[in-house]
Amino acid sequence: MEAASITETASAPPPARKVGDVLNAYALPLLLFGALVAQFIYDPTGTLENTKTGLSNGMVWALIALGYTLVYGIVELINFAHGEVFMIGAFVSLSLWQTFGVTDSTSLALIIVSIVVFLACAMTASATLNVLIERAAYRPLRNAPKLAPLITAIGMSFILQNVGLLWRPTPDQVPDLIGSHAVYFTIFKVDVLHSDVFAVIITVPLLMGLLWFVGSTKHGKAMRATAQDPDAARLMGINVDRTISLTFLLGGMMAGAAGLIYSLYNLTVRFNMGFTAGLIAFTAAVMGGIGNLKGAVIGGLIIGVIQAISDGGNFLGLQLGEAWTPAVVFGILILVMVFRPQGLFGEETREG
Amino acid sequence: MAASGCLLAALSFGVAACGSDDNDSGGSTGSSTSASSSGGSNVTIYSSLPLQGDSRPQSVSVVNGEKLALEKAGGKAGSYTINYKSLDDATAAAGKWDPGATSGDARKAAQDKSTIAYLGEFNSGATAISLPILNEAGILQVSPSNTAVGLTRSQGADKGEPDKYYPSGKRTYGRVVPADHIQAAAQVTYQKDNGCTKLFILNDKEVYGKGIADQVVPLAKAQGITVLGNQGIDPKAANYRALAGTIKGSGADCIFFGGITQNNAVQLWKDLNAALPSAKLFGPDGVAESAFSSKIGSKAEKQTFITNPTLDPKLYPQSGQDFFKEYKAKYGADPEPYAIYGYEAMSVVLQAIQNAGDKGNDRQAVIDAFYKIKDRQSVLGTYSIDENGDTTLSDYGGNKIEGGKLVFDKVIKAKTTS
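Protein chains in written order, with the working numbering: chain A, 13 to 364; chain B, 773 to 1190.
Chain A with its partners taken away, still in its complex shape:
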């Protein structure tokens, strides 16, 4: 499979591949898939259950990871404030539900309308915030050494965490509008919950829409051109600053959507949720190949499944569990980095 990337040019022919390259590219994904199959044989129902949970969790990670990978692809900046932009999206959606008095006893039609409208609001709020951050904190440092915007990003992360702390100092309950834990259907003895279905039906169109936008529209082409060579893009008449703002806008939209999905999925939000989510999503982006959109999505799903299987506690007789999950996830990330530094699906970033 050829992974789409933000820097992929429309007409460039794919480079010829040697057998060794192919093995190098597919060995680790195959190894991970083999481990999943072995676990399935060892514990079929448990593995299916955990894979289902992992995929629905992974949808959220994928949405957030897209923001990291978009921004890195175009300005080579790890936007460490992105997790907090996601948190603000979750807070905005909860505030709207509270303001308009939407609860689980509200009529179904109004709940659906509120989810659609507030999804748009959360996406708009997070996108606006992300653009403002770019304008105020990153653009002035565009030509500074790379360490400067990186530190600035960490600073923005802390500032936004404190905004979240002032806004909602304690964990808050989210109204259970979708019957989050209710069983929607059962397949192969695995209960698929409302929240699992919800995560898929909201996330998949957003992912597809973003991939289409970047891959098929004029603005998407401008983004890819800017990512590949900003100077050449500027010479070709592309407004690079505006294109970079557009990238932050899209990343922020995905984070805002992820915030709303996360809140309805987990039913709890807290001011420091963005830090952990951001770290996991960043890991997903790196695992998939940072700068690579499809890689970020698949990386998010892979991390979700790894987390769920580790959380489940018994991997091929090895007693893991919640306490080991961060070590397992980052252990696998280290393996990926050692054997395939460009990520599972190839890193596509600006040259030279």
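Hints are computed from structural coordinates only; laboratory data are not their basis. Cβ atoms here follow ideal geometry from the backbone N, Cα and C, with glycine treated the same way. Just so you know, not all the hints are guaranteed correct.
[Stated by the list, open to error] Simulated restraints on C-beta separations:
1. Lys880(B) <-> Ile124(A): 49 to 59 Å
2. Lys1008(B) <-> Tyr38(A): 24 to 34 Å
3. Thr198(A) <-> Gly872(B): 25 to 35 Å
4. Ala132(A) <-> Gly847(B): 25 to 35 Å
5. Ala132(A) <-> Lys1020(B): 54 to 64 Å
6. Lys1020(B) <-> Gly343(A): 23 to 33 Å
7. Asn814(B) <-> Ser117(A): 23 to 33 Å
Given the coordinates of chain A, assemble chain B onto it according to the supplied hints.
For chain B alone, coordinates are given in the frame of chain A:
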């Protein structure tokens, strides 16, 4: 363990280094050190509690309790005027107590020549960090809420505890709340009373959370309850759905979480409630606060049982009942569960200073006076401080949650083996 040992050693050396420039505060091993050499008859009591994140309501309530006790004493103990300084051992980034902030608070108190006592920390894991620093400086530390056994006793504690917390070789620490060897016994009694037969234990991997979880295991087994597991959780996980599925598969009818609210207990409860709506969920005093009880939701409330040292106000002596009334009159709201322990921590320290007489500004004399507290008539009832620094009080309260609030269920007379 090695890393934590290094940390403790480094912290101890740090204080010793500070003390080398300051004969009054550090470097001593608790010998007679005057706390008022620069301040005449003024001495300072520091409080260090997590004042950020969802610990804040509980901590503010404890601080209010401490202030109320000092106010009732007229701001004095014996002939000494008390300066009270409230510090914060939490950070916004952590959303709970933080090792750096905790050691910073302890150093601040250790380096202040007028310091006579330190009230804190709230969390046992935090005290594991602040205690060696304050011990090295010879300052009395009294916690209103620490329950981890290893801070004072070797029985049931980890290797090297409690000696590793006392680099000076002398005891300088005490607490007014019954420790977890009693709470664990109360927990198991409460579980048994509620018909538990198969118990799955979770913990948040902190000194306190893992400590009480480890204490519950043998006691539950001794009571005939099958313990299906004792597993640490990732406090930063987005959710615990897979873990809840595993517990459901284990056939557990009861789950006990050793940990604190700030380690994602609300999310854990929601996911456990969803996967095991008929199981009984037990929590210790680490979740006995409004930040937990008001957030878990009405569905999970019905299956939740919490142990907490605070009893029904009616069960306290008159002075204790007065505390609840005075607190509400002054602050306009009912106190959080640990406020009365804040009040008592301050009160017992004031008594120690008073009992030290002319040496009420002498750190070692005040420590000695604290350890001599016997049959103290307090808001909590009559108690003494034993040679470990522990209170002789032992009653625990069983609580349920109704309408987002802790509701006292019954007194649990815990039976311990020691």
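We went through each hint and held it up to the structure:
1. Lys880(B) <-> Ile124(A): 49 to 59 Å: holds (55 Å)
2. Lys1008(B) <-> Tyr38(A): 24 to 34 Å: Roughly 32 Å apart at Cβ, these two residues keep to the hinted range, so it holds.
3. Thr198(A) <-> Gly872(B): 25 to 35 Å: With a Cβ separation near 49 Å, Thr198(A) and Gly872(B) fall outside 25 to 35 Å, so the hint is violated.
4. Ala132(A) <-> Gly847(B): 25 to 35 Å: Hint violated: Cβ distance 57 Å, outside 25 to 35 Å.
5. Ala132(A) <-> Lys1020(B): 54 to 64 Å: violated (37 Å)
6. Lys1020(B) <-> Gly343(A): 23 to 33 Å: Given a distance of about 27 Å, which is inside 23 to 33 Å, the answer is holds.
7. Asn814(B) <-> Ser117(A): 23 to 33 Å: The hint (23 to 33 Å, Cβ to Cβ) is violated, given that Asn814(B) and Ser117(A) are roughly 59 Å apart.
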